[in-house]
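A.B. asks: Fit chain B with the ligand to the given chain A structure using the hints.
Chains A and B are the protein sequences, given in the same order.
No gaps in the numbering here: position 272 of the first sequence is 272 in the numbering used here, and each next residue is one more.
No gaps in the numbering here: position 213 of the second sequence is 213 in the numbering used here, and each next residue is one more.
If you're looking for bench data, these hints aren't it; they were derived computationally from the structure.
For each residue, glycine too, the CB sits at the ideal point set by N, CA and C.
Wrong hints could be hidden among the right ones.
Here are the simulated lysine to aspartate or glutamate pairs, DMTMM-like style, with alpha carbons at most 25 Å apart [to be verified]: (1) 211(A) x 254(A); (2) 40(A) x 71(A); (3) 256(A) x 187(A); (4) 173(B) x 30(A); (5) 211(A) x 296(A); (6) 76(B) x 301(A); (7) 256(A) x 365(A); (8) 256(A) x 296(A); (9) 76(B) x 103(B); (10) 173(B) x 223(A); (11) 76(B) x 90(B); (12) 76(B) x 369(A); (13) 211(A) x 42(A); (14) 76(B) x 141(A); (15) 76(B) x 223(A); (16) 76(B) x 181(A); (17) 173(B) x 31(A); (18) 211(A) x 51(A); (19) 76(B) x 145(A); (20) 256(A) x 223(A).
Facing chain A, a subset of chain B residues (Cβ under 10 Å, in silico) [what the hints assert, rightly or not]: (21) 72; (22) 82; (23) 84; (24) 113; (25) 186.
Cβ-Cβ distance ranges computed for the label pairs, FRET-style [to be verified]: (26) 210(B) x 188(A): 22 to 32 Å; (27) 268(A) x 146(B): 30 to 40 Å; (28) 325(A) x 20(B): 37 to 47 Å; (29) 258(B) x 294(A): 25 to 35 Å; (30) 268(A) x 89(B): 21 to 31 Å; (31) 89(B) x 372(A): 52 to 62 Å; (32) 160(A) x 197(B): 52 to 62 Å; (33) 146(B) x 55(A): 42 to 52 Å.
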Amino acid sequence: MTTHLRDEQGPFFGEFGGRFMPESLIAALDEISAAYEEAKADPTFAAELAELHRTYTGRPSIITEAPRFGEHAGGARIILKREDLNHTGSHKINNVLGQALLARRIGKTRLIAETGAGQHGVATATAAALFGMKCVVYMGEVDTERQALNVARMRLLGAEVIPVTTGTRTLKDALNEAFRDWVANVEDTHYLLGTVAGPHPFPVMVRDFHKVIGEEAREQVLELTGALPDAVVACVGGGSNAIGIFHAFLDDPDVKLYGYEAAGDGIDTLRHAATITMGRPGVLHGSRSIMLQDSDGQTLDSHSISAGLDYPGVGPEHAWLSSIGRAEYLPITDAQAMSAFRLLCQTEGIIPAIESAHALAGAIDLGRELGPDATILVSLSGRGDKDVETAGRYFGVLDEQALVAGTREQNALDSNELIDGAVEVDELDRDLAQGMGTER
Amino acid sequence: MSEATSELRATSPVGSVIQAANATRAGALIGYLPVGFPNLQQSIDAAVALVENGVDVLELGLPYSDPVMDGPVIQKATQSALESGFHLSDAFTAVEAIRARVDAPILLMTYYNPVLQYGIERFATDLVSAGGAGLITPDLTVDSGAEWISASERTGLDRVFLTAPTSTDERLKLAIENSRGFVYVVSTMGVTGARNDVDAAARTLVDRLRANGLETDGSSGACVGIGISTPDQVAEVLAYADGAIVGSALVRALSEDGVAGVARVARSLATGTTR
Ligand SMILES: Cc1ncc(COP(=O)(O)O)c(C=O)c1O
Chain A
1 MTTHLRDEQG PFFGEFGGRF MPESLIAALD EISAAYEEAK ADPTFAAELA ELHRTYTGRP
61 SIITEAPRFG EHAGGARIIL KREDLNHTGS HKINNVLGQA LLARRIGKTR LIAETGAGQH
121 GVATATAAAL FGMKCVVYMG EVDTERQALN VARMRLLGAE VIPVTTGTRT LKDALNEAFR
181 DWVANVEDTH YLLGTVAGPH PFPVMVRDFH KVIGEEAREQ VLELTGALPD AVVACVGGGS
241 NAIGIFHAFL DDPDVKLYGY EAAGDGIDTL RHAATITMGR PGVLHGSRSI MLQDSDGQTL
301 DSHSISAGLD YPGVGPEHAW LSSIGRAEYL PITDAQAMSA FRLLCQTEGI IPAIESAHAL
361 AGAIDLGREL GPDATILVSL SGRGDKDVET AGRYFGVLDE QALVAGTREQ NALDSNELID
421 GAVEVDELDR DLAQGMGTER
Chain B
1 MSEATSELRA TSPVGSVIQA ANATRAGALI GYLPVGFPNL QQSIDAAVAL VENGVDVLEL
61 GLPYSDPVMD GPVIQKATQS ALESGFHLSD AFTAVEAIRA RVDAPILLMT YYNPVLQYGI
121 ERFATDLVSA GGAGLITPDL TVDSGAEWIS ASERTGLDRV FLTAPTSTDE RLKLAIENSR
181 GFVYVVSTMG VTGARNDVDA AARTLVDRLR ANGLETDGSS GACVGIGIST PDQVAEVLAY
241 ADGAIVGSAL VRALSEDGVA GVARVARSLA TGTTR
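Next comes chain A alone, as it looks inside the complex (with noise of 0.2 Å):
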């Protein structure tokens, strides 16, 4: 039976979804939804957007085998899609070139953006420079701090990064900062926000402008192997890079769709971003979906030792599909997070980010489930080079002297190389001190 899980076009996706935003934003939302669907059905804003792709991302990304780590997964045939190759390390730039080419379309000329590990931050500050635009980043203090090299980043590139200070100090209230800035910037701003979460028609357009990755994948698995996979694996923050690789296979019955969630210390502890297998339904961030809350309704804090997936809420096509049953969402703690972060480094010799080590780690669970005759595929949604000072602090394998030493020389390098730097060196150089100094 073939079903039509594909055609959701929302607000709504069952019961989650919808729009619950101030007024003073109706009207850009409006627009916004506006010039996508005149964007959707204009083929030279498809055929732009290939082209960037092709000539700017990197698309379409590769897919690799992973023979050696797939022994420690019961045998099982791994597949990866190596997202991390693109441009700017992650799969972050998809949605980042489709929204800057529609904010263009539509006389925006500034992009804000908000980001939990810096991918999106980084990508955002990527297409301003590329289109000529003025960008400013919104990001929690904490994950300035555990980023610091993603920072500077986006610093070199151009954008301004501002640490949000309020609440939580990580990507919730980050997304609340951008909120109010657009509010108070509309004219000129579009807000890309960086995954399938918010009022609709973020988590439409957002899934849309990342569905490119499944629909490479399933053709190149098929010709791979001349089947489909026989299940689909992904990380889940808000869930972008998971609904761009499960939304190609919504509609294939036997292909089984599995989305990992952070549980940090547990999912027993307090210390967990688990939203889908701990939360409830409720309204976050303008829309409907499952949430960490108390009972009070007031937003829970989130932990992870990845900052990208270090968020109380989700997209809400993900709340649906978990409630008619067809994609399941497991919690991943950190150690098993970084186990697998290692093991694929070891194996494989690539480096994933921390966030996608989630989805490694699920796939071994998954790969000893199903044994030695099945074939996953996973979204390797990032490259781990943001990762390496936690990840080399986690494991410590960090020569913290060298590396203050060679933060010192580089910074010194900066400053004669930048033109009128002195100002963003000191406070690059501040960061990274403060991201030394943070503790695990």
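C.D. replies: Relative to chain A, chain B with the ligand alone:
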């Protein structure tokens, strides 16, 4: 519109206070304070002090973890209320305690999720029992608010929807038709916080609301909020609007100078309502 509905509309407590203020003075003064800041008792005392010093309608904010419409002053106050253990039930306690001491209608200003989690119907019922007048919903618009609209129809609670300079005429009409008590005029594109000038956009928006059918008829009216912090600004706004809403300036006074301080600022703001 049904008979029952129009009867409810005609008896809006907030609407009649605003109408009366416009008959006798330049218009109404509406004061915002968060519940539970600096603590529950002082937030109650401060609200009472507002009414005793010339505030016509109270707008009590419910602290929420993700207040996207609020600027730094109110964020700081509500975050501190949450940290010192604010619970939703405190809102009903506060409404009841304030109503026992002064006779001004009280609207709760709340983001949607706490109401949703409490249960919309249950929230409405408990608000009526506590003596509350209705809700202002900053992140719930008419087109997403069917459940709240039906709960307020059942209970007769007022519902205040927001309008912004960017709202289309069609959306202004939607807000006018569905609001009861007043229509909230967001003066400027931005979050809450004191500003030196109240945006000219506020006057334009009030004119557009009137052109789209809004009247000062005891069921609704146009009250301007965001950025108002001085008696002169109150007077300026009341020259064209039915009410002026002050928030951050009161919250700041309360946090800096306590209940006596907020009483002083309210008394001074109220001089802006004379004609
Ligand atoms: C590499 C990578 N993967 C995954 C995520 C999580 O986001 P999402 O769930 O939207 O894919 C992030 C977010 O920062 C990321 O950088």
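A.B. asks: Each hint: holds or not?
C.D. replies: Outcome of the hint check:
1. Between residue 211(A) and residue 254(A) the alpha-carbon distance is near 19 Å, which keeps this suggested pair within the 25 Å criterion.
2. Proposed proximity of residue 40(A) and residue 71(A) is contradicted: the alpha carbons are some 43 Å apart, above 25 Å.
3. A distance of roughly 44 Å separates the Cα atoms of residue 256(A) and residue 187(A); the hinted pair therefore is violated under the 25 Å criterion.
4. Of the pairs offered as hints, the one joining residue 173(B) and residue 30(A) holds, with about 17 Å between alpha carbons and a cut-off of 25 Å not exceeded.
5. This hinted pair does not check out: residue 211(A) and residue 296(A) have alpha carbons roughly 36 Å apart, beyond 25 Å.
6. Between residue 76(B) and residue 301(A), the direct Cα distance comes to roughly 17 Å. Compliance with the 25 Å bound is thereby established for this hinted pair.
7. A distance of roughly 14 Å separates the Cα atoms of residue 256(A) and residue 365(A); the hinted pair therefore holds under the 25 Å criterion.
8. Restraint check: the Cα-Cα separation between residue 256(A) and residue 296(A) comes to about 35 Å, which exceeds 25 Å; the hinted pair is violated.
9. A threshold of 25 Å between alpha carbons decides the hint, and for residue 76(B) with residue 103(B) the separation of about 29 Å lies outside it, so the pair is violated.
10. Taking the CA atoms of residue 173(B) and residue 223(A), the gap is near 56 Å; set against the 25 Å cutoff, the hint is violated.
11. For a cut-off of 25 Å, the pair hint linking residue 76(B) to residue 90(B) stands: about 19 Å separates their Cα positions.
12. Of the supplied pair hints, the one linking residue 76(B) and residue 369(A) is violated, its CA atoms being roughly 49 Å apart against a limit of 25 Å.
13. For the given pair, residue 211(A) sits about 18 Å from residue 42(A) by alpha-carbon distance, which is consistent with the 25 Å threshold.
14. A C-alpha spacing of about 17 Å is found between residue 76(B) and residue 141(A), which places the hinted pair at or below 25 Å, so the restraint holds.
15. Distance restraint check for residue 76(B) and residue 223(A): the Cα-Cα separation of roughly 57 Å exceeds the 25 Å cut-off, and the hinted pair is therefore not satisfied.
16. With a CA separation close to 17 Å, the supplied pair residue 76(B) and residue 181(A) stays within the 25 Å bound.
17. Distance hint between residue 173(B) and residue 31(A) is fulfilled; the C-alpha atoms sit about 19 Å from each other, no more than 25 Å.
18. For the hint linking residue 211(A) to residue 51(A), the alpha-carbon distance of about 16 Å falls within 25 Å, and the restraint holds.
19. Distance check on the hinted pair: residue 76(B) and residue 145(A) sit about 23 Å apart at the alpha-carbon level, within 25 Å; holds.
20. For the hint linking residue 256(A) to residue 223(A), the alpha-carbon distance of about 19 Å falls within 25 Å, and the restraint holds.
21. Contact between residue 72(B) and chain A, as hinted, is supported at the beta carbon level, the nearest pair being about 8 Å apart and thus within 10 Å.
22. Hint status for residue 82(B): holds, given a least beta-carbon distance of 7 Å to chain A, under 10 Å.
23. Proximity of residue 84(B) to chain A is violated relative to the hint, the smallest CB-CB distance being about 13 Å (cut-off 10 Å).
24. Against a cut-off of 10 Å between C-beta atoms, the interface hint on residue 113(B) holds, since the closest Cβ of chain A lies about 4 Å away.
25. Below 10 Å, beta-carbon pairs count as interface contacts, and residue 186(B) has one with chain A at about 6 Å; its hint therefore holds.
26. Restraint check, residue 210(B) to residue 188(A): a C-beta distance of roughly 30 Å satisfies the suggested window 22 to 32 Å.
27. The hinted range of 30 to 40 Å is satisfied by residue 268(A) and residue 146(B), whose Cβ atoms lie roughly 38 Å apart.
28. About 58 Å separates the C-beta atoms of residue 325(A) and residue 20(B), a value inconsistent with the hinted range of 37 to 47 Å.
29. In this structure, residue 258(B) and residue 294(A) meet the distance hint of 25 to 35 Å, their C-beta atoms being roughly 30 Å apart.
30. At roughly 28 Å, the beta carbons of residue 268(A) and residue 89(B) sit within the given window of 21 to 31 Å.
31. The hint said 52 to 62 Å for the Cβ distance between residue 89(B) and residue 372(A), and at roughly 57 Å that hint holds.
32. At roughly 26 Å, the beta-carbon separation of residue 160(A) and residue 197(B) lies outside the given 52 to 62 Å, and the hint is violated.
33. The hinted window of 42 to 52 Å between residue 146(B) and residue 55(A) holds, with their beta carbons roughly 48 Å apart.
Hint check: violations occur at hints 2, 3, 5, 8, 9, 10, 12, 15, 23, 28, 32; the rest are consistent with the structure.
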